[in-house]
Amino acid sequence: MSMTLKIDVGVASLAKDQEEVCGDTVEIVKNDRSTTIVLSDGLGSGIKASILSILSTKIASGLLRRNVSLEQVFATIADTLPTCKVRNLAYSTLSILRIKTNGDCHLIEYDNPMLLRFKAGKRAPLKRQKREIAGKEVLESWFRIEPEDLLVMVSDGVINAGVGGLYRLGLGYKGLVNSVLDWADEYDDALPLAQRLIEVVDACYLGRRGDDSTSIVVRARIPRTAVLLTGPPADPKLDRELVDNYLSYRNVMRIVCGGATGNLVAREMGQELKTSLKYEDPSVPPTAQIKGIDLVTEGILTLNKCLSKLKSSDKDWRSITRADGASLLCHALSRADRVIMLVGTAVNPAHEEFMNSLQLLTRTQVVEELKEELTKRDKEVIIEKF
Amino acid sequence: MALLTVEVCAGTSCHLLGNQAIIEALESLPVSWQKQIRLGYRSCLGSCGRGPCVTIGKQVIEQASPEKVLTVIKQRLTAVNVEKEVG
Ligand code: FES
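Sequence lines, in order, name chains A and B.
Each residue of the first sequence is one higher than the one before, counting from 1 in my numbering.
Each residue of the second sequence is one higher than the one before, counting from 1001 in my numbering.
The shape of chain A in the complex, shown without the other chains (with noise of 0.2 Å):
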């Protein structure tokens, strides 16, 4: 059986001093078959390189669009793209990336630092071939990634940080493996290690940067899988059946929400539901416990509360420390490659009328607006109702 991998992508740039735009470009292109990934580095930094490097990775984009194969959009850039008459250099380096969804990788790098692949917290280097595409010598390689692999790309500015001031030679290949190395094991997603690769480069920099520097962080794992109850069935012969359903997905994040919802997934468990002792936030009803279900938490306040949270912060939710109710869900489904909210549609008469006048949402309101903003973050997101 093939399984389909979640791809985290985490990007990290910074421009030279003075530079206003970076002359990296990155652009990802994914569709249901793969994810590609693009770095082009244009020659020098400021405007032009930026130009250029976002032509080059535009031209790729399009045509990763449609499919084409990474020769072809290899080939196709280096006819496009001019070479410096001055310099003799192509006005921009480019690797390209694609992964599939079972994992199987096509690298193709041109004039770029090169990949560099870890596996179990160790350095795997990739068996590469020299090949000619368009004219341009080419280092391809084709290879798979595992679950837990950690792929990372970074354009020059990262390997030759800090020459002739904290290093007489740059970062380095080995400083870099060695600054991944440090730390991979803090940070489970690709982002926050890809900004923390950037930090190392800019503390080498000494806060006077010298190039252009981007890192990508790719990391591979099986899905994350939440899986939320929301509100009884319409139909209360369906409890059993309902509770049967949510318990029968394994290892999955498991979340409760709603007061009644708790009730009825604790008895049908033959559990029992204990209400914390604190409001951490007023507005938020406190969470509850149950054996057995990871996040148990208050309904229609909750859920609204967390989308407009979701709403108004940037991508990034690790930061959140507050243990209300809604933001221990924020946490839980941003954490989440793939979120299942099974939702029950039986109508609470009391609520209606608050409803309205708070300007709440209602539960199949709610959970559709969660849909469509976690499915903005690149989760999977599938709603069933009962």
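The set of hints was computed from the structure by calculation and includes no laboratory data.
A portion of the hints provided could be inaccurate.
As the list claims (entries may be wrong) - Incomplete in silico selection of chain A near chain B, CB under 8 Å:
1) Gly259
2) Leu273
3) Thr275
4) Leu277
5) Pro286
6) Ala288
7) Leu301
8) Ala350
9) His351
10) Phe354
For each residue, glycine too, the CB sits at the ideal point set by N, CA and C.
Start from chain A and add chain B with the ligand according to the hints.
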């Protein structure tokens, strides 16, 4: 002596219907009373339309107010104390 269990419903409706005032009142009870009470929360007692709800022992108080809750607690605690004296 067994403690008197007082549980405030913290479900959606009761929260919106003002359970906070009751919680505050309970948290500022005189220490001598607090010692005789076990305070907790419940998630929805199923009487959402008639909230806020509070349970005191086995008794469910609907449309509760701080005064109502304190009165019942007082009755229950003095009843227990009287029993003790008589016994
Ligand atoms: S929310 Fe208190 S009884 Fe339902």
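- Which hints, by number, does the structure contradict? none
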